[in-house]
Amino acid sequence: GAGVSQSPSNKVTEKGKDVELRCDPISGHTALYWYRQSLGQGLEFLIYFQGNSAPDKSGLPSDRFSAERTGGSVSTLTIQRTQQEDSAVYLCASSAQTALGTEAFFGQGTRLTVV
Amino acid sequence: GENVEQHPSTLSVQEGDSAVIKCTYSDSASNYFPWYKQELGKGPQLIIDIRSNVGEKKDQRIAVTLNKTAKHFSLHITETQPEDSAVYFCAASRYGGSQGNLIFGKGTKLSVKP
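Chains as they are written, first to last, in my numbering: chain A, 1 to 115; chain B, 1 to 114.
Warning: the hint list may mix true and false statements.
Listed next, the in silico DSS-like pairs over lysine-lysine satisfying Cα-Cα at most 25 angstroms (straight line) [unchecked claim]: (1) Lys106/B with Lys57/A; (2) Lys22/B with Lys109/B; (3) Lys71/B with Lys106/B; (4) Lys113/B with Lys22/B; (5) Lys42/B with Lys68/B; (6) Lys113/B with Lys11/A.
By construction, these hints were calculated from the structure, which means they are not laboratory data.
As the structure is a computational prediction, the values presented were derived from the model and not from experiment.
Required output: the full structure, derived from the provided sequences and hints.
Dropping the structure here:
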């Protein structure tokens with residue numbers, strides 16, 4: 001596709017259930033980022049992938065959060081035993097990272113609501 | 001790790017006035033500084049970026065300045081228009097090798113009054 005695609009666009013889940021959020025980056029982009037944005041708040045960094053490896057997992061808020069990326073393309077963010085405080089918009093971005101730095105393109109996000 | 005501070009959190013200007021948003025960063029090795037604009041219900045979009053080998057960059061009504069010594073950079077919007085109303089985010093990154101994480105400030109909500 002032409003841009004970063006995230007699915008689902010909206011997800012309502014019951015507290016305690018597991019959820020999987022998917023990100024399809026722009027083809028050929030080696031870098032992939034996950035962020036969390038609570039209502040009216042900034043972009044909280046969660047995890048960054050370079051290819052299939054994750055050099056920086058420092059933003060994952062707890063061991064209930066995990067992410068993987070396979071084939072240097074699609075990434076999945078998994079939240080286990082969801083809590084109400086996990087409710088937020090989860091944004092994914094990708095970039096054709098070079099030594100000079102290049103634009104990161106964002107998807108539209110997945111709005112997660114834990115009830 | 002990198003920490004980016006952004007001020008102000010909200011900014012209200014009259015149409016035609018200028019708006020300035022300032023950011024500081026902590027990692028002296030950061031070398032790429034993009035600015036993003038986020039409209040309601042959408043993902044952030046890049047509006048301008050600057051690399052550490054440049055002190056200033058301009059694109060029509062938007063300009064960004066970088067002071068590496070002081071570790072701060074600023075966004076300047078001149079002749080503001082109502083469609084400039086949005087949330088603006090600064091970010092810092094250390095590109096090269098296995099680096100490249102992109103850390104954002106907390107955002108500035110800009111309101112341009114007609």
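Each hint, compared with the structure:
Distance hint between Lys106/B and Lys57/A is fulfilled; the C-alpha atoms sit about 20 angstroms from each other, no more than 25 angstroms. Pair hint Lys22/B plus Lys109/B holds up; C-alpha atoms about 13 angstroms apart against a cutoff of 25 angstroms. For a cut-off of 25 angstroms, the pair hint linking Lys71/B to Lys106/B stands: about 17 angstroms separates their Cα positions. As the CA atoms of Lys113/B and Lys22/B are separated by approximately 21 angstroms, the hinted pair is consistent with the 25 angstroms bound.
Distance hint between Lys42/B and Lys68/B is unfulfilled; the C-alpha atoms sit about 31 angstroms from each other, more than 25 angstroms. In summary, the hint linking Lys113/B to Lys11/A is not supported, as the alpha carbons are separated by about 35 angstroms, beyond the 25 angstroms threshold.
Of the hints listed earlier, those the structure fails to meet are numbers 5 and 6, in rising order.
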